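2 protein chains.
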Amino acid sequence: MGGFTTNATIKSFGGRFLKLSHRAFQTRSNQNFTLFIPPGASVENPAPLLVYLSGLTCSPDNVTEKGFLHAHAAPLGLALLYLDTSPRGTNLPGEHDADDFGSGASFYINSTQQPWANHYRMEAYITRELPALLAEYIKELDMSRVSIAGHSMGGHGALTLYLKYPGRYKSVSAWAPIANPSICPLGQKAFEGYLGEDREVWKKHDATELVKSWKGGSLNCLIDVGTDDNFYKQGQLLPENFETAVKEADLEGLELRYQDGYDHSYFFISTFGADHVKHAAKALGLI
Amino acid sequence: MGGFTTNATIKSFGGRFLKLSHRAFQTRSNQNFTLFIPPGASVENPAPLLVYLSGLTCSPDNVTEKGFLHAHAAPLGLALLYLDTSPRGTNLPGEHDADDFGSGASFYINSTQQPWANHYRMEAYITRELPALLAEYIKELDMSRVSIAGHSMGGHGALTLYLKYPGRYKSVSAWAPIANPSICPLGQKAFEGYLGEDREVWKKHDATELVKSWKGGSLNCLIDVGTDDNFYKQGQLLPENFETAVKEADLEGLELRYQDGYDHSYFFISTFGADHVKHAAKALGLI
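Read top to bottom, the protein sequences are chains A and B.
Counting from 915, one number per residue, gives the positions in the first sequence under our numbering.
Counting from 915, one number per residue, gives the positions in the second sequence under our numbering.
In short, the hints are calculated from the structure, not lab data.
Everything numeric in this text was worked out from a predicted model, so none of it was measured.
Honestly, I wouldn't trust all of these hints.
Unchecked claim - Dumping the calculated SDA-like pairs for lysine to any residue here, alpha-carbon to alpha-carbon at most 25 Å:
1) Lys1084/B - Leu990/B
2) Lys1192/B - Phe1186/A
3) Lys980/B - Gly1081/A
4) Lys933/B - Ser1179/A
Isolated chain A, as found in the complex:
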């Protein structure tokens, strides 16, 4: 694929996975991603796109192999973009020491603190650099019709990018999102490291805070949380806070579902994948 290095092409469910990589300007690093092109997509008939952001420690391969979103996206003509969870190959001091900070744990924001600020600019990469490159080089995609989704840390990423850029994404959905990171341990560690100690700054990257000033109309937001999810039980996700903020802001369009007995794994993601794909496909005019 022009502009990118193609590391693998794999046929599945009639479409094809492309494992691509390139040198990114925003993150000054190598960025890997996987693109699923559904059957029938072409320059004449470009496919709308669902961007998926993964959880802590994941590469694009995890959801490619275990998410099974493409099984549902293929017959609907929806393309999928699986992004990486951080820059790679930068080897900053301490970058690989923890599962919840540094590599694999970008939280999809632009860091303002050194040494992270030179590379950890995933928000700018995801919302500006990569869409422009995809629009330029991959003509089977209709980059004017894009939705966003994510799991756990990626659920935080999906919700916050949706809320920060009204109209950019046609819908949002999340599995087990970190929905109020300013007041949970995982989010506090990340925000302090990437953004510094000013908690007013943190609020600009917290879905529960951002939604309070949302002016974009119906939220068009689907969230699933498993009742046996240990992160949920430990208070790391706090979807109830997000729901309360939505109600207090008198907003419509949030569907929050608690799924009995499900955990935090890809077995949970894949079980409800059809619903999340359909949610995006409706917003993108495919259904």
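Dock chain B against the given chain A, drawing on the hints supplied.
Frame of chain A, contents of chain B only:
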């Protein structure tokens, strides 16, 4: 689960995966397997079972995570049994030296050669020991209604066990099976090591040879092979030899499909999983 150690229970698609293990008599080793119990299965309404045999190097986890068969089995009320590819923990001389012999590569036969013969008795384990234990301890299963399937080396296993035990399995299916192991390099290495040099003995474990004397009626056999499968292109699978033997024996009930552009991976398996699950479900009276 009585009689077995339960290492994990995971809810998915309304049913549950049980990761179980036990000390097996036939293999004198620890045996791991994964069982998928579909929603609605109970002592009063036991579910029929599809046994799935994996390919070289796999554990039961690979198909559990990447096969996606349970997405289709759940709504049909079909249970799934994912077996391991060999004994584990035996540590025989050279057992772990190669991907295509020893651990992860049992070929699902009873070895007659030392040091393998004391442990590599997967055929007896799969067809006798484990079914008896499942019937005794897991009453949500209807062990009178069982089909078998497999991938690659596991496709060889599924075809040969089906043909060796007429009536035991109600149907068989295979993705990219090693269909004529006596004359392909992978099969020859395994058979010489496990069975010795007498090629007449090998024929008793070769689907293309076994099918010549099949007296069980319609084969009720579905096989898929990807045209971009490197093992196929290298002559390791030889489904065309199996098809020729079926035709020369004037047998009915083989559907052999070549799938354009697919490789040997789980992306291929999962793409056609719905068809293989339905094939078994029909034979087991669920459709």
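Query raised in the report: Taken at face value, is the distance from the CA of Leu990/B to the CA of Lys1084/B at most 25 Å?
Result: Since the Cα atoms of Lys1084/B and Leu990/B sit roughly 16 Å apart, the hinted pair holds (cutoff 25 Å).
Report task. Take a quick look at whether Lys933/B and Ser1179/A sit within 25 Å of each other, Cα to Cα. Result -> holds, 15 Å
Report task. Would you check the hint for Lys1192/B and Phe1186/A, treating anything up to 25 Å between C-alpha atoms as holding? Result -> Holds: Lys1192/B and Phe1186/A sit about 21 Å apart, inside 25 Å.
Report task. Quickly compare the C-alpha distance for Lys980/B and Gly1081/A to 25 Å and report which way the hint goes. Result -> violated, 35 Å
Hint 3 from the list above is the single one not met by this structure.
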